[in-house]
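Residue numbers (my numbering), protein chains in the order written: chain A, 1 to 410; chain B, 1 to 248; chain C, 1 to 416; chain D, 1 to 293.
Don't read these hints as lab results, they were simulated from the structure. Watch out, some of these pointers could steer you wrong.
Said to hold, decoys possible - No more than 27 Å apart at the CA atoms, straight line, and that leaves these computed lysine-lysine pairs for DSS-like:
id: 1; chain 1: B; residue 1: K240; chain 2: A; residue 2: K147
id: 2; chain 1: C; residue 1: K188; chain 2: C; residue 2: K209
id: 3; chain 1: A; residue 1: K315; chain 2: C; residue 2: K119
Claimed, not checked - In silico negatives: residues of chain B with every beta carbon more than 10 Å from chain A:
id: 4; residue: K22
id: 5; residue: K57
id: 6; residue: R82
id: 7; residue: P109
id: 8; residue: R183
id: 9; residue: Q223
id: 10; residue: G230
id: 11; residue: D238
All C-beta atoms in this analysis are idealised placements derived from N, C-alpha and C, irrespective of residue type, glycine included.
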Amino acid sequence: MQVAMNKLFGGREGLVGLAILAALIFIIMPLTFDIFRLNLVGKYLTYAFVAIGLVLCWGYGGILSLGQGMFFGLGGYCMAMFLKLESSSPESTKIQSTPGIPDFMDWNQLTALPWFWEPFHSLSFSLVAVIAVPCIFAFIISVAMFKRRVGGVYFAIITQAIALILTILIIGQQGYTGGINGITDLRTLKGWDIRTDEAKYVLYFLNGALLIGCILVGRLIITSKLGRLLLAMRDREDRVRFSGYDVSSFKVFVFCVGAMMSAIGGAMFTLQVGFMSPSFVGIVPSIEMVIFAAVGGRMSLIGAVYGALIVNFAKTFFSESFPALWLFLMGGLFIAVVMLFPNGLAGIYTSYIKPRIDAWIQGRRGGGNLTPTVPAEPQDPVSPRTAERTPASAASRSLAAGIQSEPSRS
Amino acid sequence: MSSNTDFVLSIEDLTVSFDGFKAVDKLNLYVDKNEIRVVIGPNGAGKTTVLDLICGKTRATSGSIKFKDLELTRMSEHQIVRAGVGRKFQNPSIYENLTVFENLEISYPKGRSVFGALAFKRTAEVVARVEEIAREIMLDEFLGTEAGLLSHGQKQWLEIGMLLIQDPELLMLDEPVAGMSARERELTGQLLRRICTNRSVLVIEHDMEFVKNIAHKVTVLHQGKILKEGSMEMVQSDPKVIEVYLGH
Amino acid sequence: MYFLDKARDALKRKRLVAALGASMLLGAVSTVSAATLPTAQVNTTGLAITDSTVKVGILHSTTGTMAISETGSVEAEKLAIDQINAMGGILGRKIEIIQEDGASDWPTFAEKAKKLLEKDQVAAVFGCWTSASRKAVLPVFENDNGLLYYPTFYEGLEESKNVFYTGQEATQQILAGLDWASKELGAKTFYLVGSDYIWPRTSMKIARKHIENVLKGTVVGEEYYPLGSTQFGSLINKIKLKKPDLVFGAVVGGSNVAWFKQLNAAGLTFKKQPMLTISVTEDEVLGIGGENVEGLYSSMMYFQSLDLPGNKKFVDAFKTKWGADSVIGDVTESGYLGPWLWLRAVEAAKSFDVDKVVAASPGIEWEDSPHGYLKVDKNHHLWMKTRIGEWQKDGQVKIVYESDVIKPDPFPAGYQ
Amino acid sequence: MQAFAGVSLFSVFVLMALGLAIIFGQMGVINMAHGEFLTIGAYSTVMMSMLAEKFMPEFLPYYFIFAILVAFVVAFSIGYLVEFLMIRHLYRRPLDTLLATWGLSLIMQQIFRSAFGAREVSATLPDWLMGSWQPVEGVDIPLNGLFVLGLTILLSLAVFIFLFKSRWGLKVRATTQNRLMAGAVGISTPMVDRVTFALGCGIAGVAGAAFTTIASTGPTSGSLYIVDTFLVVVFGGAGSLLGTFASAFSIAQAQSVMEFFMSGSMAKVLTLLAVIIILMIRPEGLFSVKVRK
């Protein structure tokens, strides 16, 4: 039991970090923010799912995907398709030439529901699809790429191109997808109005709970042998291969996990915001999501959540106050994080804040039961060691996974 | 075919060419059970390429490599490893950021599938096996040390240990004593002799003293072909071999 | 240069206030003081209104890809609000603007709309440009019972209680244009070209039905290119092959420029190959260059060169505020209408309450708007005339045709 | 006719990819801001056109040649600076370079927006670039297309000669193949890196100047091309200039032929898809040398 606890929560420190995050999400923010701001926070937290997935894929697996928006979008679209069908009942759409199909289909002269929309009448099918569709998609991409040992930069560029294709496709096939407008005007879930304040509270807490769930799953992965293998692979792929492991299957696995997490985020986004559009599938949002992970610290699951929250709060704040400044700031953030703080907030925490807290606790030892009062970003269990060395290991990683599609023997 | 089964490894007509350059040319090589075979040859003779071909890192242009009854040329690297072929690289290839214990644990042949790795537990059995191997490779006092902090020789041993823990039937070592001190060389020689019971070992080495020490049989490669094969004395006295080595 | 323009603007703005006094008498608007209508009476729903001020929102993209297009709308809306304030405001209250950036991103639009309505409690919002952004904010406005003035010609198929559409819906823009082309140019074969998204696609659908069912012509080709495309070589060859009587175009944004430059370079001058578009206004021509569109026809409700008294005043005021080099396109002018229509409705309702303003709106007429007579229909769209303009080298049009006042029909029967 | 549509798309691809082929292919640097260097070139041209119009209208027919030079110099200098301040610290971390240069591209876009406004602008073209050439009746070859094609050929030749015939090119190739050794024989590798990177940027600037003849210039014009450009270089096999040409040619022809038979959107989707599938089968790209790995 003790072992399981350590695995899931990463020992005492991990548990404290998780507890602080949970308190922030479930207690502090609902108490301080009104429903409008809280709904915004809920939206930001859906990006955190993607960022957590990226910590696993990129931080641990060394696989940088610039197409995570695809999975976020696919998950969101699966959810939106169900909601859209529910709000397109024959009664509510009787002014259309074909009642009972979504409005945008009617505008595009479709006279019957396309076959692939049919199963989305069922909630259980839709919920399975939210996970399964992006996962299958990720599986196909990653098997094709990793079995051929396409990695590193090439993988990043190709995922980007796939995201571009998917965007053009969704926009072009507007009769089936809603085109550039996306799927809008979603109202109820099984008769439950998702637009009310009460529903927003419920969805917010559900979102938070799922997020914590994803962090726990992520912890489970990185504390298992699989997590150690991912790190080992990142640094010495050949050695892992010649220790009898099928390296590509591990990459496929972690990429699919990342995709599934993104998809859950997408579905929760649809529920909380009330629509889904191709603007999440494309290149720009996909890269922005990478920066959330980078700001939080690419090796820290909890850091990813803070990264998503902080960047988005900053975005909202600056775009309200200094719209023109925002892009400078965002661009500067990319550069600063990469050049000065490759380990993001989590790295800053371990190298600057944690030693002080430790010293403080040391100094007051015996002074009672202490927890840090500031919402700091504690490290994940495996990270303390890895965090300090990342600048160097980033170099070796890039050499291992780098330009050549096959590892070179130098 | 019956003759093949007597050998652990039988290479027949193996050829690989890079842009027309034949690095290995119609090579035939047979390794017996429990044999320590050393491959020597001048630079560019194709020694490392042969190891690459056996372990699947490089794909053969033609020819066959049989490990017992398995045709290795059609198998992927991890399948070859799982079949019982272990390979040590020329430069120590270990996980420098993990401890010696973790290095060995990762190499422990359980939980090799994705979900196996997820469910893998550090049982008493695993710990016992890791400690046993660590003693074998003289690193039992360094189990908690980060591998990057070991000396060059110790890193080589660690990599040998990582192969040993998998208990391979064929162990391939690429220059195991390069860069070692005399004392380390001696210890490595002892180590190799200890571990070659119940398995065959294929070694590439330049250090003739060391080769003499351990080899059952020596193969001399030159320009991708076998120049001479036999006991160390026999090979050393062969005029062709002398010519190749001395460059006349 | 842009910095220079801005500095110049600042100087001009001072002069403007003086100039406004004279030119501001756009219609007989009665000025009512706050004293006669206390806030408690005109604002029963908790909007951000005091005895001397009323807050409104402007919600456009000032960053991102759409900033190119939306800048003009922001300028026009601000001009109208300045003018209204210079006249004494609305029900005696000065309008204060809260501007938000939609950043060319639909969810951001929804987020900002929510902020404007729920946090800032604005009395009205002028904004959105693309259909996608409007679709994204629509549920927000309906849910919070806000008021949106939407300033772009668009595909129709929408009618919301909380939105007034100050641009044309598709039929107003398309049908008159096609009728004219059929009659005046004798067009029988048509080639439809658009950017690949909902507005061009819906517009082309309407155009096709009209061509096939009403004009009894044929559509010889229909093409869509992804937004942002800059290579039209193949399309131009296809057009050359099919030799249609008229190319009917709805290419938008940066693609537009490449499209016309390449048409021109391929020898397809508009003399040889007549072309009518519903997406080219003075704003676009600024980027395309007048020499590349000489002879092209556009179907719009407004052109900067319209010879109307209302337009003269508008153009003068706009240039005084935003610089003599500014150009004014159809969409920019639609943006200008929003605040004025709101003013009239509020004054008619003697209240800022959204329900009352909405109820008072249908039937409001404006004789000398920049594009002449207009009227608000019960379906929240405007009655207006459509004009066909032929582009000249200097980037302005010569008006070659003007329709009667056309009733808006966002859900056109027989065209769906 | 249709062949020329493909050829002109080809020259556009080559112009875009040439600079990147040097930066990415030779140096292995992922420059996501490459499109913005293109925009720099385009804005320089527009500025030159405005200057010419304002101060010496009689110069207008010839300004374009100078504009190309200016575009090159401006993009080159900014590239030089960027390499010095940013890229050189990131050579060993390609994925991080990707992120940092993406940030750089955001900043550059906003600078363009603040300096030139959000609206698209357009350079006034000299008359000799307008209209078309009719070799036979009914066949119009656009002059600007021809011009861009000519410029592409010139530029490619220049790059080729630079890389493979000049002493400096030898240094560049030596550095990319074995940095340590190159340093050891007295080549100043940091200098080589800087100039090579700046050169790639300069070529992007020239491409931007050429683009003003066929498209408009806005703050985000350049970013539209970046994914296509990377695919062209990767598809050709990074490191092989010849491969870049071959891939630009095949992608351009495939896309323009498909455009002829189906809608532009579908043609684009199918072309990209084909490229990706081929890359999955042959990850090293069209042209690459098999070596002992």
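Results of checking the hints against the structure:
As the CA atoms of K240/B and K147/A are separated by approximately 45 Å, the hinted pair breaks the 27 Å bound. Straight-line distance between C-alpha atoms of K188/C and K209/C comes to about 14 Å, which keeps the hinted pair within the 27 Å bound. Of the supplied pair hints, the one linking K315/A and K119/C holds, its CA atoms being roughly 17 Å apart against a limit of 27 Å. No Cβ of chain A comes within 10 Å of the Cβ of K22/B; the nearest lies about 19 Å off, and the non-interface call holds.
Not every Cβ of chain A is farther than 10 Å from the Cβ of K57/B; the closest lies at roughly 8 Å, contradicting the non-interface assignment. Not every C-beta of chain A lies more than 10 Å from that of R82/B, the closest at about 5 Å, which undercuts listing it as non-interface. For P109/B, the requirement that its beta carbon stay farther than 10 Å from each beta carbon of chain A is not met, with the minimum near 6 Å. For R183/B, the non-interface assignment is confirmed: its Cβ lies about 27 Å from the closest Cβ of chain A, beyond the 10 Å cut-off.
Every C-beta of chain A lies more than 10 Å from that of Q223/B, the closest at about 20 Å, which supports listing it as non-interface. The beta carbon of G230/B is kept farther than 10 Å from every beta carbon of chain A, the shortest such distance being approximately 30 Å. Non-interface status of D238/B relative to chain A is upheld: no Cβ of that chain comes within 10 Å, the nearest being about 31 Å off.
Consistency note: the structure conflicts with the earlier hints numbered 1, 5, 6, 7.
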